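Participant: Sequence lines, in order, name chains S and A. Residues in the first sequence are numbered consecutively from 1, following this note's numbering. Residues in the second sequence are numbered consecutively from 1, following this note's numbering.
Just to be clear, a hint being listed does not mean it is correct.
Simulated coverage check for chain S against chain A, where a stretch passes if three residues somewhere in it have a Cβ under 8 Å from a Cβ of chain A [stated by the list, open to error]:
(1) 55-62
(2) 88-98
(3) 161-168
In the DSBU-like style, the derived pairs of lysine-lysine whose C-alpha atoms are separated by at most 35 Å in a straight line are [what the hints assert, rightly or not]:
(4) A:K58 <-> S:K53
(5) A:K58 <-> S:K32
(6) S:K299 <-> S:K232
(7) S:K129 <-> A:K9
Read the hints as simulated data drawn from the structure, not as lab findings. Given the structure is predicted, the values throughout are model-derived calculations rather than measurements. No residue lacks a Cβ here, since even glycine has one placed at the ideal position from N, Cα and C.
Below, each chain spelled out in residue letters.
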Amino acid sequence: MTQEAISTDVVIIGAGPCGLFAVFELGLLDMKCHLVDILDKPGGQCAELYPEKPIYDIPALPVVSGHELTERLMEQAAPFGPQYHYNEMVEELEKLDDGRFRVKTDGGLVFEAKVVVIAAGGGSFQPKKPPIPGIDAYEGKSVFYSVKRMESFRNKKVLISGGGDSALDWTINLQPVAQSMQLIHRRDGFRAAPDSVNKMHALVDEGKMQFHLGQITALHGDNGQLTGVTAKGNDGNDYEIECDTLLPFFGLTMKLGPIANWGLNLHENLIPVDTEKFQSSEPGIFAIGDINTYPGKLKLILSGFHEAALMAQAAFKYANPDAKVTFQYTTSSTSLQKKLGVA
Amino acid sequence: MRIILVDGKGRERELAAIEGWRVMEIIRDHGFPIVAECGGACACGTCQVEVDPQWAAKLHESREDELDMLDQNYGGEWSRLSCQLIMTPELDGLRVRLADVAVREAA
Ligand SMILES: Cc1cc2nc3c(=O)[nH]c(=O)nc-3n(C[C@H](O)[C@H](O)[C@H](O)COP(=O)(O)OP(=O)(O)OC[C@H]3O[C@@H](n4cnc5c(N)ncnc54)[C@H](O)[C@@H]3O)c2cc1C
Ligand code: FES
């Protein structure tokens, strides 16, 4: 479904810490931002990989968790009214004849922006695939890494693999819809909300589903249609499980993804930039944070913040070639304080 | 002190090890293409190794966060995260095999 294009100053690809701080720096220069992220929440790696872990090297915050840092960056960006688009993967990026850029997502969103900031970190978060031989042939037909519509699993013989919240939640939610429900996990412990684990055990006790200990080693079927799997138990013995649908839930990993197709110069999956503007090989397309590279680059949040500040100046000049930028401090400039809503 | 590393192709290497270092760091510092994305924070699971069963009992038990990461990275019975294994004299000669998820693909 293609919608009418959203017109804006800036599209930021990636709502990790660097994308979030870019909203602030661009906002001080009156540039309005839309952020797009494949995750269902802001914070990038800080939110997805280590929300509870402490970070010790953010200036003036002796210790802050990944989650808290994200919250604070959101708060700092809020006065500029950024718009967030989650669960959307940016797939296409092209330059239009009028010099602006068109950005398209897999969900059908279209943006037209004066500048584009790629703050894509290590790439987009995508589901981890279990290393089972030949699984590719079944993907999208009878092996799925996410549930878009529960209805599509009605009357299916569903096997779910994994031991986290997604695995447990979908086991419980799909059980009433499916013809049969089975869960397989490599150990008897789960990394999920205790309530979900209890519910799952209750379903097993009531005979409404089955739980297997072990790991899937082979898939069986024809033309992408699964008929069953072979699993290895912890006693080393193989056994068979009958099913026509498999949902593996093993968390997310970062993959460069569509960025490779945008015609930009890349070096080992990173975007080379200059250290004055943090601009890519395409004028008007900037790259900050973990996704960029330059001599001396450090993959630190701190460095990404600095990059955001310089990039914002360059992006403003690119979008407004005739305007003059005066350098101002947030402490003393009434005009900046008005933008921040504090004056 | 040393560890024995078996790579994806079944080749064995002896690596000099230093007490107090993480096994992941030892493997990485010898130049092996171990992914170890999070640098040892027990947050990525891409430093997974399979420990020789004879050695498994000598290791401390996995903490809950290590088990979580092994769950997400298709760990087997003898799987451990090498960033959670700290070298001690008792582990001299430890034999581990790099798991597929831990081997960096050639760029
Ligand atoms: C365990 C761990 C501990 C760390 N500790 C520290 C520390 O103590 N101090 C420190 O400074 N740094 C630390 N880091 C590194 C720090 O997290 C990164 O430098 C930082 O997250 C980079 O921010 P970013 O905004 O560039 O990218 P990311 O945080 O990677 O965010 C990028 C976002 O872009 C999205 N994206 C990418 N491509 C697309 C696309 N095509 N469409 C839609 N969305 C897309 C991704 O889904 C992701 O959410 C740590 C990292 C890890 C994993
Ligand atoms: S290096 Fe990431 S979990 Fe060990």
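Participant: Run every hint past the structure and note whether it holds.
Facilitator: Hint check results:
no., hint, result
1, 55-62, "violated (count 0)"
2, 88-98, "violated (count 0)"
3, 161-168, "holds (count 3)"
4, A:K58 <-> S:K53, "holds (28 Å)"
5, A:K58 <-> S:K32, "violated (58 Å)"
6, S:K299 <-> S:K232, "violated (40 Å)"
7, S:K129 <-> A:K9, "holds (21 Å)"
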